[in-house]
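Engineer: Next come the chains, spelled out residue by residue.
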Amino acid sequence: MKNPRFAGVACVLGLICCNACNTPPEPPEAARASALEQDLWRAGGSLFTPREYEGFKAGLKSAGERIGAEEAKFGWFRDYTPVQAELKKLVADGEALLRRINDNKAAKARTFALSAETLAARIESLYRITQYFNENDDVRKNVSQAEIKLSEARMLVAKEKYELASATAGEGGLFLDRAEEAAVRLLERYLDSGQLAKWRRWAGAAVEESLAKSTVSIVVNKVERKMTVYKKGEAKATFDIGLGKYGLSDKLYAGDEATPEGRYKIVAKFPASEFYKAMLIDYPNEDDKRAFAEAKNKGLIPGHAGIGGAIEIHGGGKDSLTKGCVGLENKDMDDVYAWAEVGTSVTIVGATGIENTILAEILMFKKNAN
Amino acid sequence: MKNLTKTVVLVLAIAVVLTGCKQPTQLINDVKAAIETVTTAGADKYAPEELKAVNDDLTKALDEIAAQDKKFFKKFGPAKEMLVALQTKVADLQAALPAKIEAAKNVAIQLQGEAQAALTETAELLKKAPKGKGTAKDLEALQADLTGAETMYTEIQAALDANDYIGAQDKANAVKAKVAAIADQINAAIAKVKR
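Residue numbers (our numbering), protein chains in the order written: chain C, 83 to 452; chain A, 29 to 223.
Please note that a few of the clues may not be correct.
No more than 25 Å apart at the CA atoms, straight line, and that leaves these computed lysine to any residue pairs for SDA-like [as the list claims (entries may be wrong)]: (1) A:Lys155 <-> C:Asp338; (2) A:Lys80 <-> C:Ala191; (3) C:Lys243 <-> A:Val135; (4) A:Lys73 <-> C:Ala125; (5) A:Lys133 <-> A:Asn191; (6) A:Lys220 <-> C:Asp322; (7) C:Lys190 <-> C:Gly137; (8) A:Lys60 <-> A:Asp91; (9) C:Lys190 <-> A:Asn201; (10) A:Lys50 <-> C:Ala113; (11) A:Lys99 <-> C:Gln166; (12) C:Lys155 <-> C:Pro110; (13) C:Lys243 <-> A:Ala69; (14) C:Lys170 <-> C:Leu180; (15) C:Lys371 <-> C:Gly425; (16) C:Lys171 <-> C:Gly150; (17) A:Lys99 <-> C:Ile149; (18) C:Lys241 <-> A:Pro76; (19) C:Lys139 <-> A:Thr65; (20) A:Lys99 <-> C:Pro107; (21) A:Lys155 <-> A:Gln213; (22) C:Lys243 <-> A:Leu139.
Covered by chain A, according to a simulated footprint, are these stretches of chain C (three or more residues, beta-carbon under 8 Å) [unchecked claim]: (23) 116-122; (24) 214-226; (25) 232-240.
Some, not all, of what chain C presents toward chain A, calculated at C-beta under 7 Å [said to hold, decoys possible]: (26) Ala113; (27) Glu229; (28) Asp401; (29) Leu403.
The hints are simulated quantities; they were obtained by calculation from the structure and are not laboratory data.
Quantities reported herein were computed from a predicted structural model and do not represent experimental measurements.
No residue lacks a Cβ here, since even glycine has one placed at the ideal position from N, Cα and C.
Construct the entire structure; sequences and hints are all you get.
Structural biologist: Rendered as structure tokens:
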């Protein structure tokens, strides 16, 4: 030993070095907790569970400080047991939080898929029912807006922006609520049991008259968009029909583009008209005149408005918008024109029942809204 | 003098070993803070790919640190190099972000213009469409659909005004898709008349 002093110093420093790196090892949970913090961060912990994520980070920091405090001690005096227990709990909590975040995201994706499916079904239902009535501006406008919102929400889901997608889909749902409310407003009177009973009575009387007098009777069902021709009480044929822009409303005055409801008769036949062939009915009848006078007294119609007239069954096609008349395809008009005569009864009703009609869906909208 | 030199070399060697045993905690925290900053500045929206790459690099560096941590002789040098390189990458991303935001804004404005053009063209198409037999009812309904799309168009500008350029792009694309569907239906209605 040339220099015992140097050897002694080297020995002590060597011991320090060994102690620094080879003393009680840092708890393995520390690395796991640190990795977990990254996993939580990447999983979106700061977005989905910010309070819990911050709590985890604070716990990790505290554990790190305690490990640091132990590391500052001379190797033989280090004791990681208390901080190890703390880290074990932190890891358990962190893993639970990670599961919760992932479950939360999966649940959000499932919830969105369900709500998107529901919205798409509502959109389809509303588009379908608007085929049955023409006064659908409010309904269609809102459905169109809802469809745009749903499309936007789907784009957001593709980017895993579940929260924003759900909120956007929710906005779409509000548009559909408005569309359904508009449809209910439009058809509410069709759900009234008293009104339905009256229409059923009219339709029944028309069939009975056809049977009793062995004549032809025509019954028009506005909501179903059908015309049935009865002969001797039996349904001879049923045709699809078209109505006016406000065809589902009961006609009150000239220019309202509504189709009257009531019991009428054919008063004239025109073999060549602007709309192929036509048959004029005796609108307004006494009931119509009474309703017109009442509405005018109540100020429900413009002061200068007349009661109107010239309501016909004519050709020109079921898909064209009439001004209140009942439109038929020309080939169907040929049949009806041939079977009907001046004096043939024409009964126009809103509906005869709710089942198997769009009214069932309207009723459901009403129930949902309530 | 010779002994003193040996002592200094030994102390330095031990210092290097001791330093090598320490995790680069400060560097990790600095990189993470830089990533948080760039994320808050909009990298998650306007540079998602680059942000993902940065996060992936951070994961790799942290994995390397964790791997070294398990060893008896710890060597954090490569992890430090990764983190230093990552710092540069994040700084580059931060510097490039304004241009990316501007680009997203330009795309949104372009899509808004396309949505507006589609609305105008479709409104013209609707005006010119023959409202005759078989189409009047359909065209009235399509007019209502188009009115709905026109109303939603205003949301694009609202998103642009709120500096939500990706949102504005989504809204413009959704409006464009709906208007294209309406135009298809108008053309189908016109074809029905011509048949």
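Engineer: Straight-line Cα separation of Lys190 of chain C and Asn201 of chain A no greater than 25 Å?
Structural biologist: Holds - the C-alpha atoms of Asn201 of chain A and Lys190 of chain C are around 24 Å apart, at most 25 Å.
Engineer: For the pair supplied as a hint, Lys190 of chain C and Gly137 of chain C, is the alpha-carbon distance within the 25 Å limit?
Structural biologist: OK: Lys190 of chain C and Gly137 of chain C at ~23 Å, within 25 Å.
Engineer: Tell me if the straight-line CA distance from Lys371 of chain C to Gly425 of chain C falls inside 25 Å.
Structural biologist: Holds, at about 20 Å.
Engineer: Given the hinted pair Lys139 of chain C and Thr65 of chain A, is their alpha-carbon gap at most 25 Å?
Structural biologist: Holds - the C-alpha atoms of Thr65 of chain A and Lys139 of chain C are around 18 Å apart, at most 25 Å.
Engineer: Does Leu403 of chain C hold up as a contact with chain A if the rule is Cβ-Cβ below 7 Å?
Structural biologist: holds (4 Å)
Engineer: Assess, step by step, whether the Cα of Lys155 of chain A is no farther than 25 Å from the Cα of Gln213 of chain A, and give holds or violated.
Structural biologist: holds (14 Å)
Engineer: With the threshold set at 25 Å, check whether the alpha-carbon distance from Lys80 of chain A to Ala191 of chain C stays at or below it.
Structural biologist: holds (21 Å)
Engineer: Compare the distance between the alpha carbons of Lys243 of chain C and Val135 of chain A with 25 Å, and conclude whether the hinted pair is satisfied.
Structural biologist: It holds: about 20 Å lies between the C-alpha atoms, which stays within 25 Å.
Engineer: Given as covered by chain A, does the region 116-122 of chain C meet the bar of three residues or more with CB within less than 8 Å?
Structural biologist: Check passed, 3 qualifying residues.
Engineer: Any CB of chain A closer than 7 Å to the CB of Ala113 of chain C?
Structural biologist: Holds. Min distance 5 Å.
Engineer: Quickly compare the C-alpha distance for Lys170 of chain C and Leu180 of chain C to 25 Å and report which way the hint goes.
Structural biologist: The hint holds at about 15 Å.
Engineer: Lys60 of chain A and Asp91 of chain A: Cα distance at most 25 Å?
Structural biologist: Holds: Lys60 of chain A and Asp91 of chain A sit about 14 Å apart, inside 25 Å.
Every hint from the earlier list agrees with this structure, and none is contradicted.
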